[in-house]
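Single-letter residue listing:
There are 2 protein chains.
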Amino acid sequence: MYGKFLVEGDKLVRELLTSHFKVDAIYKLHSANYEVRNRATEVITVNDLELRKISTHENPNLVVAVAEIPNFNSQIPNPKLEDGLHIVCDNLSDPGNAGTIIRTADWFGIEKVFFSENSVDIYNPKVVSAAKGSLFRVKCSYIDLPNLFEANRHIKAYGTFMSGEDIYTTKLNKSGFIVIGNEANGISPELLPFITDRITIPRFGKAESLNAAVAAGIVMSEFCRK
Amino acid sequence: MYGKFLVEGDKLVRELLTSHFKVDAIYKLHSANYEVRNRATEVITVNDLELRKISTHENPNLVVAVAEIPNFNSQIPNPKLEDGLHIVCDNLSDPGNAGTIIRTADWFGIEKVFFSENSVDIYNPKVVSAAKGSLFRVKCSYIDLPNLFEANRHIKAYGTFMSGEDIYTTKLNKSGFIVIGNEANGISPELLPFITDRITIPRFGKAESLNAAVAAGIVMSEFCRK
Chain A
109 MYGKFLVEGD KLVRELLTSH FKVDAIYKLH SANYEVRNRA TEVITVNDLE LRKISTHENP
169 NLVVAVAEIP NFNSQIPNPK LEDGLHIVCD NLSDPGNAGT IIRTADWFGI EKVFFSENSV
229 DIYNPKVVSA AKGSLFRVKC SYIDLPNLFE ANRHIKAYGT FMSGEDIYTT KLNKSGFIVI
289 GNEANGISPE LLPFITDRIT IPRFGKAESL NAAVAAGIVM SEFCRK
Chain B
109 MYGKFLVEGD KLVRELLTSH FKVDAIYKLH SANYEVRNRA TEVITVNDLE LRKISTHENP
169 NLVVAVAEIP NFNSQIPNPK LEDGLHIVCD NLSDPGNAGT IIRTADWFGI EKVFFSENSV
229 DIYNPKVVSA AKGSLFRVKC SYIDLPNLFE ANRHIKAYGT FMSGEDIYTT KLNKSGFIVI
289 GNEANGISPE LLPFITDRIT IPRFGKAESL NAAVAAGIVM SEFCRK
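If you read the sequences in order, they're chains A and B.
Numbered per the working numbering, the first sequence spans residues 109 to 334.
Numbered per the working numbering, the second sequence spans residues 109 to 334.
Be aware that a few hints might be false.
Repeated chains share a single entry, so a pair holds when one copy, or any two copies, can fit it.
[Said to hold, decoys possible] The calculated lysine-lysine pairs, modelled on PhoX-like cross-linking and capped at a C-alpha distance of 25 angstroms, are:
(1) 314 x 247
(2) 220 x 234
(3) 279 x 334
(4) 279 x 161
(5) 119 x 247
(6) 279 x 136
(7) 334 x 282
(8) 282 x 220
(9) 220 x 314
(10) 119 x 136
(11) 234 x 314
(12) 334 x 314
(13) 282 x 130
(14) 136 x 188
(15) 314 x 282
(16) 220 x 264
FYI, nobody ran anything at the bench for these hints, they're computed from the structure.
Just chain A, same shape as in the assembly (with noise of 0.2 angstroms):
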């Protein structure tokens, strides 16, 4: 299954019919049906049993689709961007993370999310469920991070950290790297020297953090609304 990912459910697999991503099979029980417009995609009715086999879920519902992981621009050694909001997930190692900040950047505009390699595959089952839909429409990558600040030198690289410029009063860019670190660690050590902003999410109470996937929304919110 190189360069292939799974895709489980009836909501999800229509939403994956109507994207872009190339879908290889369908596994489908005999009451469920989707139209395809490819037909390079082939569509195999199987059993309750069968189905079970293939899906990671006890209890598959109705269809698990096999798509191909697309390939944006981690080929690329040095990626100009053109100005806007992206997103920069650096070492994020939890899946349901992950896919909830990919979700919040499609409710907030935001095109594109760039992972570190060193961070969660995904294409992961628990990525590509948290992430609903957006996984189809958000351009998602891996990619040398500092390679990428490098190449990006005209926009702004914001880090949230526990001090830092207080997000609510502090002038945000229409254009920038909206950067999130680790959810134990935060930001990496070499990352450090391209974050040209440091923000941070006022405390009230007494939590030592945020969830990455709540602080990561909070602070798109923030650069949308102003």
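Take the given structure of chain A and dock chain B to it, following the hints.
Coordinates of chain B only, in the frame set by chain A:
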């Protein structure tokens, strides 16, 4: 284990021991040491294999504690609340979301989180883990939500919907219930009559919805910002 719950891992158990929660027992490896203030807490040294049997993790981290579920105000039929921000979770079903909402409430200094009785069990290990230490600080309780709203007509109830007042520009009280609905179905029909203010997080992109914990985080952030 009726009325008890497990707290797993070194960091979380240390936070538990500094909280007001009653701790019945601590099962720890020989190499770990915990200072116990209450003589009623049993400290039992176990070996690797025993710890793995007690723990819900495959690779437990040094310690598992058994704590008592506190009883805040779920048994009071009509709990009159003082002004302030309170979180209300209506039929919330995902443990990760529940824990994350408790953690986010703690970050924003919100002291009470109410759950409808059909919500996820907040003492389930996944909630405990996602809440980090915040479960020991924020007062969480299960309660009949219509009763809660009935008894507190002086407090506004803000519900998040796909269409409503733009949270960025609408006036938000310092006092209010922030009502978070079920992940798939939103706020239950029987609670709608109690919602005084319909608010919405503006959408700039294409995602159908936001994750419940992210939406809750953005709303809490907006209340605290203003």
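Each hint tested on the structure:
1. Taking the shortest Cα distances, residue 314 and residue 247 sit within 25 angstroms of each other only across copies (13 angstroms), while inside one copy they are farther apart (36 angstroms).
2. In this assembly of identical chains, the alpha carbons of residue 220 and residue 234 lie at most 25 angstroms apart only when taken from the same copy (20 angstroms versus 31 angstroms across copies).
3. For a Cα distance limit of 25 angstroms, the shortest separation of residue 279 from residue 334 qualifies both inside one copy, at 8 angstroms, and across copies, at 17 angstroms.
4. In this assembly of identical chains, residue 279 and residue 161 lie within 25 angstroms of each other by CA distance neither inside one copy nor across copies; the values are 52 angstroms within and 52 angstroms between.
5. Taking identical chains as interchangeable, the C-alpha atoms of residue 119 and residue 247 lie at most 25 angstroms apart only when both belong to the same chain, with a minimum of 20 angstroms there against 37 angstroms between chains.
6. Taking the shortest alpha-carbon separations for residue 279 and residue 136, neither the intra-copy value of 51 angstroms nor the inter-copy value of 49 angstroms comes in at or below 25 angstroms.
7. For the identical chains of this complex, residue 334 and residue 282 are neighbours both inside a copy (8 angstroms) and across copies (22 angstroms), given an alpha-carbon limit of 25 angstroms.
8. Within a single copy, residue 282 and residue 220 get their C-alpha atoms as close as 15 angstroms, which meets the 25 angstroms cut-off; across copies the closest is 36 angstroms, which misses it.
9. Proximity of residue 220 and residue 314 under a CA criterion of 25 angstroms is satisfied inter-copy only: 13 angstroms between copies versus 33 angstroms inside one chain copy.
10. Proximity of residue 119 and residue 136 under a CA criterion of 25 angstroms is satisfied intra-copy only: 13 angstroms inside one chain copy versus 45 angstroms between copies.
11. For the identical chains of this complex, residue 234 and residue 314 are inter-copy neighbours only, at 21 angstroms across copies versus 30 angstroms inside a copy, given an alpha-carbon limit of 25 angstroms.
12. Proximity of residue 334 and residue 314 under a CA criterion of 25 angstroms is satisfied inter-copy only: 20 angstroms between copies versus 27 angstroms inside one chain copy.
13. Within a single copy, residue 282 and residue 130 get their C-alpha atoms no closer than 33 angstroms, and across copies no closer than 50 angstroms, so neither meets the 25 angstroms cut-off.
14. For the identical chains of this complex, residue 136 and residue 188 are neighbours neither inside a copy (42 angstroms) nor across copies (53 angstroms), given an alpha-carbon limit of 25 angstroms.
15. In this assembly of identical chains, the alpha carbons of residue 314 and residue 282 lie at most 25 angstroms apart only when taken from different copies (19 angstroms versus 31 angstroms within one copy).
16. Taking CA atoms no more than 25 angstroms apart as the test, residue 220 paired with residue 264 passes inside one copy only; the shortest distance there is 15 angstroms, against 38 angstroms between copies.
The structure is inconsistent with the numbered hints 4, 6, 13, 14, although it conforms to all the rest.
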